[in-house]
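Engineer: Chains as they are written, first to last, in my numbering: chain A, 1 to 265; chain B, 1001 to 1109; chain C, 2001 to 2265.
Keep in mind the hints are simulated off the structure, nothing from the lab. Note that the structure is predicted; figures quoted are calculated from it, not measured. From the three backbone atoms N, C-alpha and C, an ideal C-beta is built for every residue, glycine too. One or more of the hints may lead you astray.
The calculated lysine-lysine pairs, modelled on DSS-like cross-linking and capped at a C-alpha distance of 25 Å, are [stated by the list, open to error]:
| hint | chain 1 | residue 1 | chain 2 | residue 2 |
| --- | --- | --- | --- | --- |
| 1 | A | K79 | A | K113 |
| 2 | B | K1079 | A | K109 |
| 3 | A | K56 | A | K220 |
| 4 | A | K208 | A | K220 |
| 5 | A | K109 | C | K2007 |
| 6 | A | K220 | B | K1036 |
| 7 | A | K79 | A | K109 |
| 8 | A | K113 | C | K2083 |
| 9 | A | K113 | C | K2049 |
Computed far set for chain A versus chain C, every beta-carbon distance over 10 Å [stated by the list, open to error]:
| hint | residue |
| --- | --- |
| 10 | L64 |
| 11 | E68 |
| 12 | S74 |
| 13 | R82 |
| 14 | I85 |
| 15 | G91 |
| 16 | N96 |
| 17 | S97 |
| 18 | V110 |
| 19 | S133 |
| 20 | D182 |
| 21 | D235 |
| 22 | Y257 |
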Amino acid sequence: MPPDDLIDVRGLKSFYRGRQVLFDVTFGIPRHRVTVIMGASGCGKTTLLRHLIGLKRTGPGQILVDGEDLGAFSEGLLKTYRRRIGVLFQGGALFNSMSLRENIAVPLKVHTKLADETIRIMAVMKLNMVGLSDFSEFMPSQLSGGMRKRAGLARALAMDPEILFVDEPSSGLDPITAAGLDRLLLDLRETLGMTVVVVTHELESAFKIADRIVMIDKGKVIVLGDPDAVRGCTDERVQQFLNREADTHQINIDSYYESLLDKEL
Amino acid sequence: MIKAQITCPSPEHAVLELDGLFDRNSAHKVRRDSLKLAQKQGSRELEIDLTHARCIDTSCVAVLLEILNTVRKQGGRLKLTGIDENTARMISLSQLDEIFEDVIVAEKK
Amino acid sequence: MGEWMVKLIGALGAYGIREILSVGRLGIFFLYTLRGIFISPGKFWPVVKHIEFIGTKSFFVIGFTAAFSGMVLGLQGYYTLSKFASEGLLGSAVALTLIRELGPVLTALMVSGRAGSAITAEIGIMRIEEQIDALDCMAIDPYAYLITPRFIACIIALPMLTAFCDVVGIFGGYAIGVDLLGVSAGAFWDGVYSSVVWKDVYMGIIKSLVFAVLIIWICTYKGYYSGVDEGSFGPEQVSRATTDAVVISSISILVSDYVITSIML
Ligand SMILES: Nc1ncnc2c1ncn2[C@@H]1O[C@H](COP(=O)(O)OP(=O)(O)OP(=O)(O)O)[C@@H](O)[C@H]1O
Ligand SMILES: [Mg+2]
């Protein structure tokens, strides 16, 4: 039986001040599975993620969560949805006036009646999951970029979310730590039944953890399916991405020349 | 919600039986009841029976750890019975198996 | 010529619409902040923390400013009054000027320059680093969490700082008038007691409350919307927001001072 989809993206188009960055993106995110969104830098992955977490309102197109249109959610419904999700932003987005432990405690303090000691233990547990339990009293400014990223992941996990969105968790990490994060995401899926959505460039890690891969190029979905289907895809762009081949020719060579050369000539 | 029932099969041994959903909304109640009981038990044995409880998030692991701390500090002994597979997995996800090793006596099948 | 006119009118129209929209947004911002009073998390400790922040940031500057303003009032007052051989009125002149005018205005200007700008920068950084988005995604109301506590704190702190400013200023005037220029101490204090009536104090308090709302409203608003209109989120937007916040809140303090005085006199 194919897994049913928790989130359904249908014909999503996205614009920044009139410039279109997503073109008719359609795919599903299966429940209790890991979905990986891949694609070249600047192709619109973060933008897509912002739509999925309700930060960027959908224009044309729909995002259905359990069959309900996210774009039409009232403020109350949006809050309910957001209590079900955890988000790691590409920049980490840690609160820089608080230690790591306090960062992770924020959602727990606001949303639960748990005692301070319980919250402290939970925060340290989450930090331990990302390998940072020794740094619980450090301020974000005292950490390296990769550590901040991992701390952001720990905070996204604070409430044991039903759906976890992570934007490039392993950028700037060594292979060992990155493999640890892959392991963690799979464990979370197994143990807590999380639905995980990962944005990544790392091919190896993507194929290791993904149940479904969505590959985006210049704002369009170019392949969608399980890892084997993606590997077997004959699309030129997909193969180029999988084989790490550089672009042989400048695709936007005309606009490049145009910006260098005087148009009158 | 969760119900907590206390029985004392012998003077040396108190059992806290949990029935219901053990999650972050009910964890503070379990914590309060069991810490109170642990305080009363002092150096004697406290058993927490999770057969009818369902742990669905990591707050239950945190609370169990807190109870374990309190009991150990008083020189008592904690026993966890009826832990389901999922809770055990959450404990190992938090890398706490070693700490809970001799505490978990019977796992639920 | 015609084309030029059309462009000008178009630009004016766009400017007008933008300003009207942002006034509307300013109003909504205020309403959301008020609503934040009733939304978790609890406000007590955050408010205490922010009172401490505003107080410690501005305490010494205000003390300094107040002391020297009081001293200058003592000097100027003495030379003016001595022309009419009424140096005995120095106490009432200094006290009335401070309590009705200078105390509230100076304090408000100092607080907006020190604490207000810091608050704008802090919230602006939270905006550009996606920390506000992160709050949203944790289903935490950013108004209730960030803005409301600062509002309450400023409304409590400013009258207290104003009172402090008044007292220091009066002692400054005393130091010059009595210790340096030889007005009798009895006459000075008698002037203070006999001329200051409840209405003057009342006016000072009303002013400082109005200034508090203006400062914190403008400063938090500017920080919260740093870069939102431009659609780009960088350090430049935060620095612009900070300057704007200080300039606009200083102007509004002086304008509203005139308005309140003309109404209440
Ligand atoms: N705030 C913004 N304003 C205007 N354009 C934007 C903004 N954010 C992103 N874009 C544009 O949208 C496109 C997609 O950006 P996005 O951040 O989604 O890329 P990405 O796939 O996440 O890239 P990366 O892998 O480098 O993070 C880019 O062309 C970018 O120029
Ligand atoms: Mg991105």
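Engineer: Is the Cβ of I85(A) more than 10 Å away from each Cβ in chain C?
Structural biologist: violated, 7 Å
Engineer: Test the statement that D235(A) is away from the interface with chain C: the closest C-beta pair must be farther apart than 10 Å.
Structural biologist: Holds, because the least Cβ-Cβ distance between D235(A) and chain C comes to about 33 Å, which exceeds 10 Å.
Engineer: Taking the minimum C-beta separation from S133(A) to chain C, is that value above 10 Å?
Structural biologist: Non-interface label on S133(A) holds, nearest chain C Cβ at 22 Å vs cutoff 10 Å.
Engineer: Take a quick look at whether K56(A) and K220(A) sit within 25 Å of each other, Cα to Cα.
Structural biologist: It holds: about 18 Å lies between the C-alpha atoms, which stays within 25 Å.
Engineer: Hey, is E68(A) genuinely clear of chain C, shortest beta carbon separation above 10 Å?
Structural biologist: holds, 17 Å
Engineer: Do the alpha carbons of K1079(B) and K109(A) lie within 25 Å of each other, as the hint requires?
Structural biologist: violated, 29 Å
Engineer: Taking C-beta pairs only, is S97(A) more than 10 Å away from all of chain C?
Structural biologist: At about 8 Å from chain C, S97(A) fails to clear the 10 Å cut-off, so the statement is violated.
Engineer: Does L64(A) clear chain C by more than 10 Å, comparing its Cβ with all Cβ atoms of that chain?
Structural biologist: The assertion about L64(A) holds, with a minimum of 19 Å to chain C.
Engineer: Confirm or reject: V110(A) is not an interface residue toward chain C, with every Cβ-Cβ distance exceeding 10 Å.
Structural biologist: Violated, since 5 Å does not exceed 10 Å.
Engineer: Test the statement that Y257(A) is away from the interface with chain C: the closest C-beta pair must be farther apart than 10 Å.
Structural biologist: holds, 27 Å
Engineer: Taking 10 Å as the cut and beta carbons as the points, is G91(A) off the interface with chain C?
Structural biologist: violated, 6 Å
Engineer: Holds or violated: are the alpha carbons of K113(A) and K2083(C) at most 25 Å from each other?
Structural biologist: violated, 70 Å
The structure is inconsistent with the numbered hints 2, 5, 6, 8, 13, 14, 15, 16, 17 and 18, although it conforms to all the rest.
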